[in-house]
Structures are given as C-alpha cells and as structure tokens.
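Protein chains in written order, with numbering that gives the first Met the number 0: chain A, 0 to 482; chain B, 0 to 188; chain C, 0 to 739.
It should be emphasised that the hints constitute simulated quantities derived from the structure, not laboratory data. Just so it is clear, CB atoms sit at the ideal spot from N, CA and C, and this is done for glycine as well. Fair warning: there could be bad hints in the mix.
Ranges between beta-carbon positions, derived for each pair [claimed, not checked]:
1. L176(A) to G28(B): 18 to 28 Å
2. L736(C) to R196(A): 45 to 55 Å
3. A618(C) to W410(A): 16 to 26 Å
Cross-link-like lysine-lysine pairs, in silico, BS3-like; alpha carbons within 25 Å at most [claimed, not checked]:
4. K152(A) to K181(B)
5. K373(C) to K611(C)
6. K373(C) to K438(C)
7. K156(A) to K181(B)
8. K181(B) to K34(A)
Quick look at which bits of chain B chain A covers, simulated, 3 or more residues with Cβ under 8 Å [to be verified]:
9. 26 to 32
10. 57 to 69
11. 155 to 166
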Amino acid sequence: MKVQATDWLLLSPELFLTAAGMILLASSVFVGKAKEELFGFLSVLMLGITGVLLVFVSTMPERAHGPILGGMFVVDNFALFFKFLVLLAMVLTVLASVRFVGEAPYPGGEYYALVVFSGVGMFFMASGSNLISIYVALELMALASYVLAGYFKGEIKSTEAALKYFILGAFSSAVLLYGLSLVYGLGGKMGLADLARLYTGTQRTNAIALGILMILAGLLFKIAAVPFHLWTPDVYEGSPTPVTAFFSVGPKVAAYAIFARIFYVAFPKFQADWGLIVALVAAATMIWGNLAALLQTNVKRMFAYSSIAHAGYALLGVLGFQTKFGMWGVLVYLLAYTLMNFGAFALIIFLEAKGYAAESVSDFDGLAKRNMPAAVVMLLFLLSLAGIPPTAGFIGKYYLFTAAMDAGYAWLAIIAVLASAVSLFYYFRIAAAMFFTDGVSAKIPVSYALTAAVIICAVGTLVIGVAPESVLDVLHRCVPSKY
Amino acid sequence: MGAAEAAGSALLTGVAGWLFVGFALLILGTAIAVVWSKNPVHSALFLLASFLLVACVFILEEAEFVGAVQILVYAGGIMVLFLFVIMLVHQRTAAGTPAFQHQWDIALLLLPVFLIPFLYILGTEKFTDIARNPDAFRAVAGRVIGNTEAVSWLMFRDYLLPFEVASVFLLVAMIGAVVLGKRSFEKVD
Amino acid sequence: MKDLLWLVPLFPLAGFLVNGVLYLISHRTRGEAADAHGSQGAPALAAAPAPSVHGENPAHTHAGSSAHDPAGHSPIPLKTAHTVVGTVSVGLSCVFAFLAILDVGIGRLSEGAAHVVTLYRWLPLGVNQAVGQVHGPAGEWFVDAAFRLDSLSALMIAFVTFVGFLIHVYSVGYMGHEEGYGRYFAYLNLFMFSMLLLVLGANFLLLFVGWEGVGLCSYLLIGYFYDRDAAADAGKKAFVVNRIGDFGFILGIFGIFSLFGSLDFGKVFPAAAAHPSAYAPYLTLVCLCLFVGACGKSAQFPLYVWLPDAMAGPTPVSALIHAATMVTAGVYMVARCNVLFRLSPDALLVVAVVGGFTALFAATIGVAQNDIKKVLAYSTVSQLGYMFLACGVGAFVAGMFHVMTHAFFKACLFLGSGSVIHALGGEQDIRKMGGLASKIPVTYRTFLVATLAIAGVPLLAGFFSKDAILAAAFEAHFASAPWLGRVLWAAALFTAGLTAFYMLRLVSLTFWGKFRGGTEQEAQIHESPRSMTVPLIVLAFLSVVGGYVGIPMVRGGDRIGEFLHPILLPLAGAGAHTAAHEAAASTEALLMAASVAAAAIGLALAYVWYAKGEGAVPARIAARFPGVYRAVSNKYYVDEAYDSVFVQGLAKGGGRFLWDFDATVVDGAVNGTRHVTVGLSWLSSFFDQYVVDGLVNGVANTLQAGFRGFRRAQTGRVQNYALVMGGGLFCLVAVYLLFR
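Chain A extracted, bound-state conformation:
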C-alpha cells in the first residue's frame, strides 16, 4: 500500500472534522455557561469550513483513481453526497440545539463535540469501501449517539433511552459482526469490490447467504426497519429533542449509505437471496410504522413511527437498485426526508421552548392563531412527509415507487401508496390541531438559530418539490461507483 500526498487531501474533511471536535472539547474548558451560545456558532463555523473542504475535495481529479489507503476509503460522488447530507444534518442539529441545550442544566461543549464526532463516524461510513472500515466507523457513530441519547442524565427518560439504545445497539452490532466474520471467513476478503469479484453468483452457498442476512439484520436495526425497530420510539421519546431530530436523519442517512453501498457493490449477485426478504421487510415496515403512528398521542413517538415508515419507503429504492430509479430514488428521498423530517422536528423544538412543551398532539392546538407562519411551514412539512405534491416528499416517493414498479415489485408499490395514504391521517391530526382547534395563547419565544434551521428546511422542501431539475441532475451523477 502506498500513501500519496493527495490521499491526505482527500481525507482533509474528516481530519478537519476530528480536529474540530477536539477544539470544541478543549474550548469548553474556557467558555463559561453564560456564553454557551458560542459553542453553537463555533460549531457552525467549523462545519462550514468542513463544507468548504468537501467542495474542494469534490473538485480533485484524484478521486477517480479508486479507493485509497489500501482500499479502505473511497471518495466517489456517492460518498460526497452523503457527506454533504450528513453535514447538513449536523448544521441543522447545531442550529436547533443552541437555545435548547443552552437552557438545559448540562454542559454544552461536550454536547457539540459529540455531535461532531458522531459526524466523523458518518463521514467514514459514507466513504467506507471495506467491511472493517465501515464497521469501525459505524461503531464510532453509534457510540457518540448512545452518549447523546443520555445527555440529559438528570431525566430518567433520557437515561432510559441511552441504556436501551446501547444494549440493543450492542446486540445488533454483535449480529452484524457475526455476519461480517462469516463473509470474511468464507472468502478471506474484506474489500467490497473484492467481495463482488469473489462472489460472482456461481458459488452462492447457504453460509455466505447467512452472513449476508446477518449483515442485513444489523443494518436494518440502524435504519429502524421492522422487526428491528423497537428501540426507535423509546429512544426518540426519551432523548433530548434536538438529539432526536439528529437521530431521525443523521445516523439513518449514514446507515443507508453503507446499506446501499454494501448491497449495491458487494452483493448484487445475491439479490435472489435478499430481494424477497428486503421486500417483505419493507412492506412490514411501511405498514407497521404507519399503523402504529396512528395510535400515538406523543408527538415524538408519532414521528418515531413515521421515520420507521419512511425507512420502509427508501428500502424500495434499494430493492430496485438495478433499475434507473433505484439508487437515484434513494438519494432523492434521503435528501427530501432530511429536510422535511428535520423541519418538522425543528417546529416541535420550537414549541418545546421553556414552559411550553410539545409532547402531545394537543400542544399544536391553535398554532395557526398563535403563530401563523409556523403553522404554515409545519403544514408544508407535513404535506411533504405525506407525499403531497408539489413538495420534496412527493418527488422522492415518485422516484422510489417507480423504481419498485420497474423492478417488478408492483405489489410493494401498491402497499407503499396505501401506506402513505394512511400516513396522512396522523400527519393530518397535527394539521387539524393547528388550524381547527383553539389553544392557549402563550407567546412563543423566537430563536434565530432555530428559525434559520426551519427556513433552510422549508426552502429546500419547496425548491425540490417545485423546481427540482438541477438538484435531480446532480443526484443522478451520485449513484455509487463499483468500488
């Protein structure tokens, strides 16, 4: 293995982000609690620089030479797309956290550092082209997430969420690791491209399939698909709300990155083995997620189930990865999902300001009267989540469902349409509460950072819905390369 100077340049966003985490950590020694907002601005600044580095990396011609550092790390368009998406999720999380964490009696520096370190893990996941680098990066992301879930340690729910997340996450990691070891032990290879060359499909055996299925199970846990989703509602409910918002997009998106890459690059020849299973899981996920969301009265739990259902929709794209719309649809949908889901969570956080907590649906009562712009924007996110045109969610679903139809899963597409029709009922409960109910007329304080996050999400949701052509063209070039 030869390491070239440009390799370090290709790694620069990750290196800088790691350094940023440590800077945040170190600076927390010097910044008092009165000036904790500084961490937020510092984090946004750091993330902005990371974004610049990412843009710089995207212009480097050396990217095309394939994986670097011994086949561990690849910087293709696919990886860059996910890094930008993760970066977006982190920026939004930081913006949404500024006031929320500032008001809570817990130190802020470590909080932002953990968000950043979690992002480092996601960056490496997006670029991972070897099972071992993917696994280590996954664990880095997960570990930071466990701590973030329990960050409000004075609240029993938060601690409970962290514990559940950790125990079940360890369980799923064990399953994933066992699958990885089977695949490695049977072939002696860890690189995704090597695996694809090794397993050409002629030597499909039960043992390899078992390894693949266990990898599948481990990844399905991360994206919260049925029946590996049970941790989601508890963790989403218990975690501090900005962290929940982060969980609902960041780790999920990163998990989809490795999911898509592993199954697209390494095991495409095994689709006969995993295709039906993923299809059944997708159907179960969409149905269960949407039905269970109907029963929830707690908004965070409702959105937990909603995010489960959305994970199910995106599985349609993974299933149809051989068709034109498959991977494209996954990318479009994840971008749309990040914007609209985070937007909805940002409004939950908005209402959750001091003295007025958005826990139950009835907390949205009469929002239209109290703050019409907030209600209108929330309506936009809800419509987008439900897949009503002309919003980003509709465009994403359109591509995914078309992919499923093209791949011969028409029955699954029908279930998906039905499920998203059902989903409107619970999104709609919030809309009805906002517009058709009278609530208390408490003043809602405005946080500028949070408002910025909401505006980013709203503009994105609308632009991708109304004039998506250029965005879609860019995403079309981001389907993974066969490394």
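Please arrange chains B and C on chain A, whose structure you already have, making use of the hints.
For chains B and C alone, kept in the frame of chain A given last:
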C-alpha cells in the same frame, strides 16, 4: 509459523483437536456460569476464566500475539477494572435481584427454535471449496515473518485507517464516560 | 397572448401570496398591538404593512388608504386591500383566459388545435429503459411543468375563471363581517390557482398537483369556521374520504406511467388511440383506479359522504368549490382520459352504473332534507352522478356540457341560498322560512330561474344538457348487458322528476306561503347588497342562455359538441362502439317529451303538495311508511354506518385513533336513533339491529382485540425487544431457507 497452512488443515486432528474441543466446552461452561451466578464477583471471575480459555484457543491456533494480547488486555486490564468497580459499588444491591427475569422459560423454549436454521445451514454446508486465504499468515517481501510482525504490518499499514478511526472511537468512549459519569448535574463554570 | 397562458393561474397565485402576506402582517401587528394597548390596535395596523408591500402590486396604494379610511370603521384590517387583491387577481385571470382562448381561436380549437406552453422541466427521468410491457415512446423521459390549452381545458378555464370571479365578488358582500377576511381571500385565491393548475396541466402529474391543491383548499375552507365543531369535523371528513380517492388516482397514474412511459397528455392519448389492442388489456385496471379518484373528488357513491357535510363551510365556498368547480374535476379527468376509458368497456360500465345509481340515490335523499344547503348538496351529488352517467355511456361531450350548465345554475342556487341565509341572519332550516319572495325579490327571482333550469324546464340551460345525457343513456349499448342502457335511462328519467320535485319543494317552502320564523327575525329580513345580487343576476342569466350552445336536432345547433369533438380521439381500427349514437329525430323528440313530462310531474306534485297543500300529503305519506321515511331522511344511515365502522370502531380500538373523535357524539346519535325507531318499522329496526349494531359491536370488538395485541408489542422492556429482534433474525433466515 511457516507451516501455517499445514497446521490449519490438521487442526482438528490428534491432540490439538481434542484440546480445542475441551477448551471450547470449557469456554461455553464458564460463559454460562457468568450469567448464572448471583454473586457479581463470581460472575467476574468466571468471565476472567473464560477470557483465559479463549487466549488458550488463540495460542492453539498459532496466533500467539492475539493470545498474548487477550491475556494482557482483557484478563489483565479490563477484568481487574471490572472487579474493582464491582467491589466498590455496594454489593448488596446487586445480590438481591434474581439472575433471570421472568421470561427465562420462554427464552429457553425459543432458543432451540431460533437456532434451527443456523444449525441447519452450518451443518449442511460444505466448506471445502472455499478459498483459504487468511491474510494474517503470509510472507512479506519474500521473507516469511512471524505472527507478531505480520499483525503489525496489517495494523499499521493495510488497516491503518480503521485503526486510527478506532482511536477516535476510544476518545469518544472516554468523553462519554466522563459526561455521563460526572456526579454533578450542574454546569461547570 | 396565448404564450402568456401561464399568467392565468399565476394571477391567483400572486393574489394568494399578497393576501397571505398582508394577512400575516396585519394579524401579527394586531396581536402585538392588542398586547400592548388593549383594544386600541388601529394605529399600528396602519403603519405596519406599508413598507413590506411590494411596489409593483396595484394593492399597494389601497393598503395604506384602507386603514386610514375613516369610513371603513370595520374591525377587519386591510379589508379594501384584501378585496382588491382577491377579486382583481381572479378578474385578470379571467380576462387572460379569454384572451388566450381567442388568440388560439375558437375555430382552431374545435379543429383540434392544442397550444402547450412549457415553463420548465420539472422532473428529469433519465433516458428510456425498456420497462413497460408494451411499446412506449422512446427517448428521454421527463415531466414538464407545462400548460395545455385545447378545447376541453378552454371550456373549463372559461367558466372556472368567470364563475370564480363572480363568486369572489359575491364573497365581498357575504364575508364582509367575518373574522379572518384576508385569510378567506387568500385561501380562495389559492383554490383558484390550484383549480387552474388542475385544468391547464399538460400531464397527469401537474393535474395531480392541482388535484391535491384544490383538496387542501377545500379542506381549509370547509373548516373555515373552526370554532364550530361541525365545520372542523366536516373538514376532516372531506380530507379523509378524499384520501381514499387519491389512493386510487395515484395508482392509476403509476399504471399509466409504467404502460406508456410518459405522463404527458399529448403522448399518452395518441399512443393509446394508435395501438388500442396493445394497451386495452391493461386499461381496465388503470381506468378503475382513475375512477376511484374521480369518485372521491366528485362525490360519487360510496365516497359521496363528505360533500353534504362540506356545507359547513361558508356559502360562497359551497358554490365555488362544492358545486361549480372542484367537484367537477373528476368528470373533467374522466373526460380527459376518454381515450383510455373508451378502450375499456368494463370500466365504462362501472362508471355508468355508479353515476346512474348515485344520481338516483342522492335525489331520493334530497327529497327529505330540511336544511337549504343540504338539499342543494344532495342535488349536486345527484347532478354529478348525471355527468358520470354521461361519461359512462360514452357521451363525454354531454357530460362536459352538463358540467358547464350545472356550474351556472348550481352556483346561482348556492349563492341564492347564501343570500337567504344572509337575510335571515344565519337560519338554514327551510321549515322556519317561507314567504320570502316579496321580501327579497332579486334573490327569489334568480333562485326560481335557476330552479327551473335545474329541473329541466324546456329552453333553459339544464334542459339541453340533461336531455343530451338522457338521449345518450337511452341509446347506449353495453355488450355485456344490452338492457342496461334502458335501465339507466329510466333511472335518470326518474331522477329528473325527483329533481324537479325537491327543487320546487325547496322554493315553495322557502319563498312561498307565510313566514314561519319569529316576528323579530321577520322584521330584520333585508335584501342583500349589490355585490351579492349582481352575481346572482349574471348567473341566472347564464342559467337561461347557457344551454343554447348545445341545441339538439338543429343543424349546427350543437356547437359545444363540435367544439369538444377533438378530445374524442378516433381509435385506430375500431368502430368506436361506445361513441354516442345519433338517435333518430323521432326518438329524440319522444325522449325529450318524456323528460319534459317527468319534470312537469315533479314540479306539479311539489306545487300541489307544498305550495297548495301546506305539506299535508307528504306528512301523511311519511306517517304511512315510517320506515322508508326514516331511512330516507336519515340518508339511509350511510353516515352512521361509516361512523360506526370506520370511525368509532377504530376509535374504540385504538384509543384516540384517527383523530380525537368525540365518541359520545356517535354513540348518542346511534343510540338515539335506536330508541326512537324501536317497534316502528321493521325496516329501520332491522337496519339498526343487524347492520348498525352488528357492525358496531362486531367490527369494534375485532379491532379492539387486534389493537390491544398491537399495543402490547411495545412494552418498553429491553429484553422483549431483544427477543423480537432475535425472532426477526430467525424469520429472515427462515424465509431465506423456505424461498431460496
């Protein structure tokens, strides 16, 4: 070390084979004992035994370096820390709780069922035609090298990136432990 | 001018944006001012909006002046600005619509010219890849944001913008005192934008955007008076029922895309017409899916239940959305897809039967309603059934003709009823009206004209379009059921009689006889302001002359038929078996006589029973057949059955299931009906006992048990979660082993 290929294929024959079976059964037994015993100190000691036995299997497989690391890090470092923690926290609180929650009967019932497909696959699978290409045993630059050296080549050259990511991982684990373990809920000024 | 077609929907959109921003600003300023100075918020109002209104808008000058205007003592901020923005934007849209139509040329449109204005590429779908089973157009796939002006959309935008403009003007008077005046106009403008998008969209996806948009506006406007429970519930109901329809519609769109590889009207329909045999086998399913969508939007059985409840919205909204425009979107869509439907006789048969049944079914309910708006609502459902019947028997042109005439007279009727309600200070029960003819003469005369038009009195608008439908039904030939055409004709004829009957009943109870309300109320009855009566007069005039574009039997008289003829693309190699047959002149004259007779009988009966007999005969009939009467006046208990099964059943099962539904309301309703009906008639008791009870108990219990199990799954115990995950892994491997 040069006879790695030959040794690998002859692993389960002769004395080494019987030793492996013996170690494996002992590992299983001690692992069950870890879960079974009500006294946490006993559990920790059984876990220690289990780790040592795993190290024995590593050595039996001619992976001396990993075996040594297993003893040094797990048995020596982590387990001692475990024992310290267990003895420091009030032991009574842990002793009163049952070792198993009420679902153990269901679990016992379901376990064999869950195992069926896995056992079926692993039992019916023919592993003969799979390429044996373990990265850890090989010649570097035309020269046959030792186990420890091979591991270091792997770790600091081929798998440098995961190794470094793992160091960030440990850093995060440390931050997490400090954040969650700090006694005060108040902000530090 | 035709290239400025995009301005037609753009004006209402701009109106929506300006009105919305104005409303938000005034709303927030007022809130803050109210906080600061108690009720003295006026000075802040005047100052706030001025800097933020964009200079290029004509409303700018009014924004300031309205607030300063001492005469405008109304508490509604920026009222003049809202009025001007709201009405002028739709008015301009109407002007541009007619200019665009004239620019393309009516003659050229009727020769099949279609003018497509492409704004930009909306969805790039990459390069074609062999997917569909049958040959589709090759090359690049994409969906454009494009508008299409052909004869069908020209007809639609002409009456949508014109009627829309009249109703906007009417709203100025009607909604003048309501809270949230600006919000109302913002919603109404947004509705106009969505409706024009629906009509002008050049592909199914844009049609769908408009489709969802009008649904959203409808929902917001039905729930406009959300402090009334009924309004909020009705909004929810409309939304829920429409979801079922949309589900079918989007499946149909996906089906079309996978069949044709395109969603563009200009590609799909010619392709289908050119290769009928290749596509026909798949089209029945696609058409049925589309028709489910149409049923939801156009309130056909069994998805009609939301429309009567939707009357809880403001009356101009009922006129615009729930009578004249939005609810005809389903008919428009079916007419737009006539090529596909004509290739599937089975789908056409379903459309015809559902339409015919709905027409009759809703008309019978309309006979026994006592709420002025409910009568009109069931009448709308019934008339929409007529339109689908026309489409189902292949007479798409007649269906669209009826869409247009119906828009005129039904809008007039609704606006008239609004004027009545306005005059009576909110009273809607016709049993408490009577004798209003002399007190509000303009309203009375226009209402009467529209009533006669809908009843099918010769030489008024409804007569011509209804007659075209009846003739088409009589001549229809269904290969699988040759007798069906005559049955449908008989049903439609009977419906015509019923329509005449209940409409004149409405007129006589409302306007004739003596006033049956209180004397205080009587003293306050007043004619509506000019802004309300002028639209009434215009619409009444159109109800009279609107039919003369489609005179039957006269050479060159059926101008609308010629105009719309291009939408009926000729099918390759087929003798177009479902196209409307030209009836012989003698038959047509006989049919016309029959429909006139049916209308005459209906009118005469209503006159004799209600105007002369003070309702004694109907009361006797009701007493004689209590079961039948109860069933009819309770709308055949369909709502109760739906509530019990879908709403209460699920609500009981899942706690606060679909929404926070007040279960006691449903319980009370169901129980109340039960107590009254016990022992009265075997019909209703049978219904209660076996259908309602059975459904309630059976379904509710089943669901309840199911959901209990469902909830238990989420117990909160980590061990259980781990167990389920282990079981999940087991299932994964087991499925693999079983199906590999």
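Query raised in the report: Tell me, which hint numbers fail for this structure?
Result: 2, 3, 9 and 10
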